[in-house]
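Trainee: Using the sequences and the hints given, assemble the complete structure.
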Amino acid sequence: MGNDTATAPRLAHVEIDTATTPDAALEAARSAQAIDIRFPAFKDGRGYSLAALIRESGFAGELRATGDILPDQKDYLTRTGFDVIAPDDGSPRWARTSFTHAYQPGLAKGANDRVPAYRARALAIRKAQVEALNQQYGDAAPETIIAVAVEVFEGRIAMLSSFGIEAALGLALLAQVDRSVPVVFLDTQRHFPQTLSYRDELVSHLGLEDVRILTPDPAEARAADNDGKLFERDGEACCDLRKVRPLNAGLEGFDAVITGRKRAHGGGRQALQPFEFDGERVKINPVAGLAPADIAALYREMKLPAHPLSTQGYTSVGCWPCTAPSSGAHARDGRWPGSDRSECGIFDPVRMARADAARKRAVRLIG
Amino acid sequence: MYRYDEIDRSIVTERVEEFREQVGARLSGALSEDQFKPLRLMNGVYLQLHAYMLRVAIPYGTLDARQMRVLAHIARHYDKGYGHFTTRQNIQYNWPALVDIPEILEQLADVEMHAIQTSGNCIRNTTTDPFAGAAQDEVEDPRPWCELIRQWSTFHPEFTFLPRKFKIAVTGSDADRAAIGVHDIGLKLVKNEAGETGFEVHAGGGQGRTPRVAVKLRDFLPKGELLAYLTAIMRVYNLAGQRDNIYKARIKILVETMGAQAFTAEVEAMYRQLRGRDLAVPAEEAARITSFFPEPSPVDRPEGVSDAPGFARWRAINVKPHKVPGRAIVVISLKPRAGSPGDATAEQMDAVAFLAERYADGEIRVTKEQNLVIPHAVAAHLPAIYEGLREAGLSTANAGLASDIVTCPGLDYCSLANARSIPVAQALSAALIDRGLDEDTQDLTIKISGCINACGHHHIANIGLLGVDKKGDEVYQLTLGGVADNGAAIGKILGPGLTPDEAVEAVAACVGVFRRERGDGETFTHTLARIGFEPFKEAVYGQ
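Going down the list, the sequences are from chains A and B. With this note's numbering applied, the first sequence corresponds to residues 42 to 408, in that order. With this note's numbering applied, the second sequence corresponds to residues 1180 to 1722, in that order.
Note that these hints are calculated values from the structure, not bench results. Mixed in with the good hints there might be a few duds.
[Said to hold, decoys possible] If you want the footprint, here are the derived chain A segments under chain B, 3+ residues with CB under 8 Å: (1) 84-91; (2) 102-116; (3) 141-147; (4) 286-296; (5) 312-318.
Yeah, the Cβ is synthetic: ideal placement off N, Cα and C, and Gly gets one too.
Mentor: As structure tokens, then:
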């Protein structure tokens, strides 16, 4: 992170040519505001790969193609990340239109490039599948919804669990279906110790075989929360650091996530369907329709251990700085008390997408 | 068979429109031949010795009856009544007029075909096992992955101006009928210890002037990461491949110069950067493409028998076992005695289309041996298929025999060639068949190239001929010991160059030595390893 605030001042403008090494091109990306890549001959395709490397490194400045360029190459240049095409021979003798669709991911600036065909198709299929699943299983029992989801999304599904007050139910139902399905837990390093011991107790009690604990990136944590008081200054930034970004990275490879969200939580959750498509992933909310009384009954019936804090007035548990006991109408009234916030952001596609963009930049610059 | 959706259709039709404008500009003089050249090359249009040549892509050698009929129509209306099936599972037309080419491309687009990237320094048509989806020995059908590669490589923004052309082959079986060892990238579907299917990845193979067998980069690549890994290989090559010498520009030279280990390390590092996210193959898309390639249904009928003349021999030689009961793989030889290898007339193409539709499921394949295949024939109909092929002049029973000779077009058509290959193949096929040397030579391969570019695959022939120009004379070098499939190997030169007539006699003599010397169940490679080059030298050059 923080690549845009490098210590050395950025050079306004750097020219490289197609013989430039990848390392030198990445150095230019770190130090310049604008880069020209010169093509000595239109057949010399190295410039396309250099542009791709530069863009993938997070370079957001202007990228210009100069030299010997055929106007027919415009689409290829734009899609590897060039903003400006300035051939030496001036005006194009031939203006080629671009294609409506593309088979590959593109790097055109502003993320407005065409989605590769394989992703566009897959997301359309995913969306239609969610609609069909809601049609068929909209009123199904939680265990049915979990079983169907695990079968349909086999190998690319995980359960996200807070190991909070109501979490044991979803975990127990999952364990009945398949103990090997990964369970993802966000260790924000701000949890109540009771949550951590409860997590370990539940994992062994239910025999969960693949629990993945996600922690904040240490370098990011040092930079953004050196004094450990970020939650006081900017709660949303703290959630981004400790939940949104780690989860974004941790969910890579998973196309479907089982959550424990319920309509009874109120707020934006009142219209929750069992299957949801967020434009990228499928979210499965098997217990969405359960009322607090149903949950309590199921805990008794299944002899599930209770979270230690449930006897101390807590109806929903998050991080200790932002959670209080609650006697309000909704279980999550004790979260972010005294603030208008009701969600940490991990279910917000916009904040997840922002985290993804930041992560792509970070990954490239490490290399 | 894969079918286009809206996205595929729009990409191909927009390309036809674009090329129509480019041809218009060339015909009006707005574009010079020099300026037009890179544009036409990307669309499969070559300027040959006598005329423009159009190479049409047959994706991974798979087509259906409807598409074959359009290929026949093009041969009839825009060419001289025939087409030439190539060693890269494509078809070439040697005599189309430039002004007609946009119209031809439009007719191809109507049946979901194109000529995109059949030439130029870009990723060419992906090739595969012509028995894919039918072979008994395959781990998995490679065609869905070929289709994925076809799409990903079409108009790739980063990899369309490579140092040199680039060829990818995929096989689904150990027998490797796709010659992955002599491709820029060779992929083999394998199972890992956990029972998952993935790819064994090879790169840096190739023929031409500097024949090399590919090195293995990876034992197992998860299928969903195929595009990330291919992108990594392509990027390393695109950035570091030599560009100042056309003869050193292929990836095989880069792999050799860097060393297999360093090259692999660079690819793996790039792959770690690229894997996941945008380049991950979504499970839904893999499933969607795979759904176009269902296993053919079994047929509960006994295999057909016939006492028609020649049927039994044809059945024994040209029909291969199928993985599904009641079906058979029929190889249609395009190598009649003294014929021009790989050529088929419009009428023959129509006949194959009819037989594939009537007696199978309509599917047809093109092989790198320049033959055709009806992969899912109903075995009960074998007599009717044989009869239909016989009427069309396509019942030559020599699939995989010595006279099933592979050749490039050579000096009769090609502007690169140094020597003719077709007349040599014709004389040789007649000699082998007439002298009875063809019998019992299953899997003996003979291939002829008219120049060092090796389009006739002579390097990987058991017996290869390479035409060279020696002070204006056509001279042929004879090589022995090449292997195309399953453990590729490059043949070695036997001795001094030969005249065309001598070359024919020399190859016939080598076939004779093999027939005389081979032990039980031995292939040519085994026999050669056991007896060495001397007996062949003696037969060819005397004492």
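Trainee: Which hint numbers does the structure go against, in order from smallest to largest?
Mentor: Number 5 - this is the single hint that the structure violates.
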